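Trainee: Chains as they are written, first to last, in the working numbering: chain B, 9 to 357; chain D, 9 to 357.
It cannot be assumed that every hint is accurate.
Since the list can't tell identical chains apart, any single copy or any two copies may satisfy a pair.
[To be verified] Once the Cα atoms are required to be at most 25 Å apart in a straight line, the calculated DMTMM-like pairs of lysine to aspartate or glutamate come out as:
hint	residue 1	residue 2
1	Lys220	Asp130
2	Lys330	Glu194
3	Lys257	Asp310
4	Lys330	Asp226
5	Lys195	Glu282
6	Lys160	Glu38
7	Lys112	Asp72
8	Lys328	Glu275
9	Lys237	Asp310
10	Lys79	Glu18
11	Lys112	Glu22
12	Lys220	Asp239
In case anyone wonders, no lab produced these hints; they're calculated from the structure. Treat the numbers as computed from the prediction; the structure is a model and nothing was measured.
There are 2 protein chains.
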Amino acid sequence: MTSKKIRTIEELGEFGLIDHLTGGFTLRQESTSTGVGDDAAVIDHGAYCQVITTDLLLEGIHFDLVYTPLKHLGYKAVVVNLSDVYAMNAAPRQLTFSMGISGKFSVEALEELYGGVKLACDRFNVDMVGGDTSASVTGLMISVTAIGTALKDELTLRSGAKNHNLVCVTGDLGAAYMGLKVLEREKQLHAGDPGFQPALVGYDYVLERFLKPEPRVDVLLAMKEAGIKPDAMIDISDGLSSELLHICKSSGCGVQVYGERIPVAEETARVAGEFQLEPLVAALHGGEDYELLFTVPLSDFDKVSAIPGVSVIGNITDQKGKALLVGNDGSAIPLQAQGWNAYTQGESK
Amino acid sequence: MTSKKIRTIEELGEFGLIDHLTGGFTLRQESTSTGVGDDAAVIDHGAYCQVITTDLLLEGIHFDLVYTPLKHLGYKAVVVNLSDVYAMNAAPRQLTFSMGISGKFSVEALEELYGGVKLACDRFNVDMVGGDTSASVTGLMISVTAIGTALKDELTLRSGAKNHNLVCVTGDLGAAYMGLKVLEREKQLHAGDPGFQPALVGYDYVLERFLKPEPRVDVLLAMKEAGIKPDAMIDISDGLSSELLHICKSSGCGVQVYGERIPVAEETARVAGEFQLEPLVAALHGGEDYELLFTVPLSDFDKVSAIPGVSVIGNITDQKGKALLVGNDGSAIPLQAQGWNAYTQGESK
Numbered sequence: 009m010t011s012k013k014i015r016t017i018e019e020l021g022e023f024g025l026i027d028h029l030t031g032g033f034t035l036r037q038e039s040t041s042t043g044v045g046d047d048a049a050v051i052d053h054g055a056y057c058q059v060i061t062t063d064l065l066l067e068g069i070h071f072d073l074v075y076t077p078l079k080h081l082g083y084k085a086v087v088v089n090l091s092d093v094y095a096m097n098a099a100p101r102q103l104t105f106s107m108g109i110s111g112k113f114s115v116e117a118l119e120e121l122y123g124g125v126k127l128a129c130d131r132f133n134v135d136m137v138g139g140d141t142s143a144s145v146t147g148l149m150i151s152v153t154a155i156g157t158a159l160k161d162e163l164t165l166r167s168g169a170k171n172h173n174l175v176c177v178t179g180d181l182g183a184a185y186m187g188l189k190v191l192e193r194e195k196q197l198h199a200g201d202p203g204f205q206p207a208l209v210g211y212d213y214v215l216e217r218f219l220k221p222e223p224r225v226d227v228l229l230a231m232k233e234a235g236i237k238p239d240a241m242i243d244i245s246d247g248l249s250s251e252l253l254h255i256c257k258s259s260g261c262g263v264q265v266y267g268e269r270i271p272v273a274e275e276t277a278r279v280a281g282e283f284q285l286e287p288l289v290a291a292l293h294g295g296e297d298y299e300l301l302f303t304v305p306l307s308d309f310d311k312v313s314a315i316p317g318v319s320v321i322g323n324i325t326d327q328k329g330k331a332l333l334v335g336n337d338g339s340a341i342p343l344q345a346q347g348w349n350a351y352t353q354g355e356s357k
Numbered sequence: 009m010t011s012k013k014i015r016t017i018e019e020l021g022e023f024g025l026i027d028h029l030t031g032g033f034t035l036r037q038e039s040t041s042t043g044v045g046d047d048a049a050v051i052d053h054g055a056y057c058q059v060i061t062t063d064l065l066l067e068g069i070h071f072d073l074v075y076t077p078l079k080h081l082g083y084k085a086v087v088v089n090l091s092d093v094y095a096m097n098a099a100p101r102q103l104t105f106s107m108g109i110s111g112k113f114s115v116e117a118l119e120e121l122y123g124g125v126k127l128a129c130d131r132f133n134v135d136m137v138g139g140d141t142s143a144s145v146t147g148l149m150i151s152v153t154a155i156g157t158a159l160k161d162e163l164t165l166r167s168g169a170k171n172h173n174l175v176c177v178t179g180d181l182g183a184a185y186m187g188l189k190v191l192e193r194e195k196q197l198h199a200g201d202p203g204f205q206p207a208l209v210g211y212d213y214v215l216e217r218f219l220k221p222e223p224r225v226d227v228l229l230a231m232k233e234a235g236i237k238p239d240a241m242i243d244i245s246d247g248l249s250s251e252l253l254h255i256c257k258s259s260g261c262g263v264q265v266y267g268e269r270i271p272v273a274e275e276t277a278r279v280a281g282e283f284q285l286e287p288l289v290a291a292l293h294g295g296e297d298y299e300l301l302f303t304v305p306l307s308d309f310d311k312v313s314a315i316p317g318v319s320v321i322g323n324i325t326d327q328k329g330k331a332l333l334v335g336n337d338g339s340a341i342p343l344q345a346q347g348w349n350a351y352t353q354g355e356s357k
């Protein structure tokens, strides 16, 4: 009955909408272990599992062709999917690549796009096994589905976080968002100028983080070597805050993270300053970082701290659904879910 | 070198473009049996195989929301993918459903769309295991990936046709295309009229064939019961002519089919008459029928002829790449590949 009162997508938000629409679906195939609600679905093949994930990249929402090189776009379209596979602690194996393209694209432009796809496939040892190519009257759209495998006891879901677990992130956060801000600023400064040459010198780091994200295979390998198996893991595509809340919801736990421990690169902080933005806000809500957020047992503290590129930022609590950001002065403020809300603001996120 | 001269997508066509762009990709995962080039890719799991297929449905290309009920659209988006799974002689198991939607959609409209998806999942016993939901600034787009399984010796590829095989089709052809023509005519007659009530009485069959295609599970089951295993199979999504040429290319053979044996429903012929179109042209090039085209050994003639809904329309020859349409007078004309060419004509196909 309640659902009858809900009329607009904005009221539900992205995650609410997905829950609402997929709530009525039941799983009945024996082989389906996990359906909607993790980085990837899981299919059971006995000793090993297969994970399946899919992502859309739409012109005007996820990318702007004014400043996105097609080769980078092809690479990124693959990588954002592989990132979901890695976040299940699985190895990617196959992918399908589909695109809708308008007639304005030349074959050479599409070769660039596919060049990026091939680069990612070569680099991460993934087979491109199929796809669909269609005309589009409404801009470029890309849909990728990636498939990976993991031994059953290696698979890591969002739902495995345990009380007192350490909460860790890889790399640094917020850079991709600041890269996007720089590109958007340059675009607006040169609106309508066909000879548009953006002034991007000095912004290499944040631009690369936005245009060419890299999945953190290195950290996963180092953890395996160190004998660490995360209890829960998720990739940071929508911003740290949103992903922390996903883990709390799926694992039925709470979390507290310490603001000063959240890793932000120097260049990210400098660019955030230019935009009069608190660097921590970019890290918490920026998204598109494709770093990993995971939890490990407290006893792994020494081992996990020794891995280059890993920061311990907080811990899991038994305060179900309570996600807190703890400040230097000991004050704690609740983290907000954000995710994208491009329906209303029309901004890339 | 030759590829450097090619500049426009039109010159290459759909199939040429796919060949061109995917030509440089290599397969290296042991589990990948078949990549690009069949109805679905094949992943090896030992005794059984998994097939993976994906299809895009884009507003303005594959559907027009002026006359497409959302529930039908959701159902069709699933069915066109399941049809590819069945065409591998496999049983569908899981699917992912992704969509890009503009803010103009109400939650109720999306419930309709998902209602159609759920109906198809329930009917064909498939689990919806994931997807991606995104804002879109450019109309509705849907991307579905379906996964099925088959025992290794039951899998049927496009490439298995043998000399003297009988060429068979299920159901009747050309109806979906005539349904589309009727809907387009009504739309044009009422262009700009917000109270548009199309005059569709008497067109039930062709409309249903276009709006609500059904995969031919019944025929596959009947063939299994009769002990028939097709040598080659493909689903008819782009028109009989195009699919016959796919089989010839993949199997390294030729084919001849008899015009008078190609099944066309009475209503399809009547509607084709209204549009001054030869019914056979609709059957050969219309597309969207989602019937099955398959080949069986000559010795199966009696068994296959006894199955309701199967027509034997010709035979495989050893004249590699030669696809002929034989007329009543014994004349033979070469079949043309068509596929969609919506890049230039902007018409749904």
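Trainee: None of the hints should be skipped; say for each whether it holds.
Mentor: Hints and how they fare:
1. Lys220 - Asp130: Close inside one copy (15 Å), not across copies (40 Å); limit 25 Å.
2. Lys330 - Glu194: neither (39 Å within a copy, 56 Å between copies)
3. Lys257 - Asp310: neither (28 Å within a copy, 60 Å between copies)
4. Lys330 - Asp226: For Lys330 and Asp226, the Cα distance exceeds 25 Å both inside one copy (31 Å) and across copies (52 Å).
5. Lys195 - Glu282: So Lys195 and Glu282 pass the 25 Å test inside one copy only (16 Å; across, 53 Å).
6. Lys160 - Glu38: both (15 Å within a copy, 19 Å between copies)
7. Lys112 - Asp72: both (16 Å within a copy, 22 Å between copies)
8. Lys328 - Glu275: neither (36 Å within a copy, 62 Å between copies)
9. Lys237 - Asp310: Within one copy only: 14 Å inside, 60 Å across.
10. Lys79 - Glu18: Cα proximity of Lys79 and Glu18: across copies only (22 Å, versus 33 Å in one copy).
11. Lys112 - Glu22: Cα proximity of Lys112 and Glu22: across copies only (15 Å, versus 32 Å in one copy).
12. Lys220 - Asp239: Neither: 28 Å inside a chain and 45 Å across chains, both beyond 25 Å.
Comparing the model with each numbered hint stated earlier shows that hints 2, 3, 4, 8 and 12 do not hold.
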